[in-house]
Structures are given as C-alpha cells and as structure tokens.
Amino acid sequence: MIDKKFPISISLAIPVYNNKQTAIPLVKKINLLIGKTCRRYEILIADDKSTDGTTELLKQNFLNKKNIKVFLNKKNVGIAKNIMSLYKKARYEYIVLFSVDGDWNPKDIKGLIEKAYVGNSDMVIGKRDTSVYSLYRRTVSFFYNFLPVLFFGINTIDAGSIKIFRSYLIKRIPLSSKSVFFEAELIIKVKRYGYKIASIPISFHRKDKKTGSGGKIKLILQSLKDLINLLFTL
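For the sequence shown, counting from 1, position 96 maps to 95 in numbering that gives the first Met the number 0; every step adds exactly one.
Simulated from the structure, these hints should not be mistaken for lab results. For each residue, glycine too, the CB sits at the ideal point set by N, CA and C. Errors might be hidden in some of the hints.
Straight-line alpha carbon distances no greater than 25 Å define the calculated DSS-like cross-link-like pairs of lysine-lysine that follow [unchecked claim]:
hint	residue 1	residue 2
1	Lys195	Lys106
2	Lys48	Lys217
3	Lys27	Lys65
4	Lys19	Lys114
5	Lys217	Lys195
6	Lys126	Lys74
7	Lys74	Lys48
Derived CB-CB ranges, DEER-like [unchecked claim]:
hint	residue 1	residue 2	range
8	Ser175	Glu55	34 to 40 Å
9	Gln20	Gly118	14 to 20 Å
10	Thr129	Ile216	28 to 34 Å
11	Gly118	Leu32	17 to 23 Å
12	Asn75	Ser133	37 to 43 Å
13	Lys64	Phe150	40 to 46 Å
14	Asn75	Lys195	17 to 23 Å
15	Leu230	Lys28	24 to 30 Å
16	Asn60	Lys106	20 to 26 Å
17	Thr138	Gln20	24 to 30 Å
18	Leu134	Lys68	36 to 42 Å
Modelling step: build the complete structure from the supplied sequences, incorporating the hints.
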C-alpha cells in the first residue's frame, strides 16, 4: 500500500497570509506529492488579503493550474474564518488542513492520509514535538490542549496542528466558535459524537522565534471566550 495511490479523494485546505517566501515552493511540492498519494484531489488555497506580494505570486503560479483553486479574500477575515471558508468549499471525501508558513513538512501529508485510510479513522491529528517552541509558546500550547481535558474530559491531542478528517463532519457537526478555538471544538464534538480519532507524530520546525499567529494575545482571549461559551452550551 505504501507505494500505491490510496483509493480516496482529498481536498487539501491551505490558508495563506503573508507567506511570500514559502507558499509557492511548498504548494508545488505538495501538488507533486499528493498526486502520487491519492487518485483524486484538489488543492484549495485562500489568501487572506496578504500585503507582502503573496497574492500576486499565487495568481502568477496557480490561477490556471489543474487541481489547484485559488481564492482571494477581498478583505482580511482572520485565520479562523479563512480556514472555515476552505472547509466549506471542499468537494471530496477527506479534508487535509496544511500550512505553508514553512514550519510543516509536506511529507507528513502522506502519513495522515495513510493513517486515515488504513485505520478507517474519521480524523487523524498530527502531533508536534513542542520542545522547539519558546517557553511562552509552549505554555500557550499546553493550556490550549489542557483546558479541553479539564473542562470537557477530552484530549484534543494537538488541536492547532495539521490534520485530516472526513469532509461530512463539517456538515454534520455544528460549530459555534468564531476564533481558532473552533478547531478544538470540532475535535471535542467529533469525539463526543462517537467518531474515531487517531494521531501520528509529525516533524515540525519553527522557522524563526517570532510569536506564531496562534500565540497572539487577542487570539488567546477570543479562544477563551469561545471555550467558556462551549462549556455552557455543549
């Protein structure tokens, strides 16, 4: 099975914002890799009104490319809405969430697909080694994954990581969160509804020591608000 294409269809969701240096080469690499991994696929890219020239590069390289669709947001909507817009546009059996900021290894996409297919899993989450994080970022990541265990009794494994899941979950599971916490909410409800979740270890490398988007104070506060709301409505 390792050297054959998996008989499933994949919608690969890639949210983009100011990734001028990494987006183009990574999307090209992903396109080659996933074309050898599954029989049918589409790569969905949503640019969230980038200001560094990413938008122009995406148009130059991928606007008329087979299996690749580029969506250009008219205004910046934020990472959560951008990701969700891609989920809703997905046409195929499984959705794979991936980022082209340079921190993630495209080779792990194949591992996610293989685990989902062979294990008949509804969702497979890539688990990072957070030792490469700064102390601040490790603390944020710890609480982001620990609080769902504390309040809901569910281990979200690594909610903000790359993942694969059956596309019908987005239609079957209502989500109330408006922040990046919606990824954790999705995992919590997938588990609560009795679907099968698995995980695999993935490679992860911080390209710099800047605070990631998930670690910004505003996003953290928005996530806490959504967590509290879910606590009283679930």
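Tested hints:
no. : hint                        : verdict
1   : Lys195 - Lys106             : holds, 23 Å
2   : Lys48 - Lys217              : holds, 19 Å
3   : Lys27 - Lys65               : holds, 12 Å
4   : Lys19 - Lys114              : violated, 31 Å
5   : Lys217 - Lys195             : violated, 32 Å
6   : Lys126 - Lys74              : violated, 32 Å
7   : Lys74 - Lys48               : holds, 6 Å
8   : Ser175 - Glu55: 34 to 40 Å  : holds, 36 Å
9   : Gln20 - Gly118: 14 to 20 Å  : violated, 35 Å
10  : Thr129 - Ile216: 28 to 34 Å : violated, 19 Å
11  : Gly118 - Leu32: 17 to 23 Å  : holds, 20 Å
12  : Asn75 - Ser133: 37 to 43 Å  : violated, 26 Å
13  : Lys64 - Phe150: 40 to 46 Å  : holds, 44 Å
14  : Asn75 - Lys195: 17 to 23 Å  : violated, 36 Å
15  : Leu230 - Lys28: 24 to 30 Å  : violated, 41 Å
16  : Asn60 - Lys106: 20 to 26 Å  : holds, 21 Å
17  : Thr138 - Gln20: 24 to 30 Å  : holds, 28 Å
18  : Leu134 - Lys68: 36 to 42 Å  : holds, 40 Å
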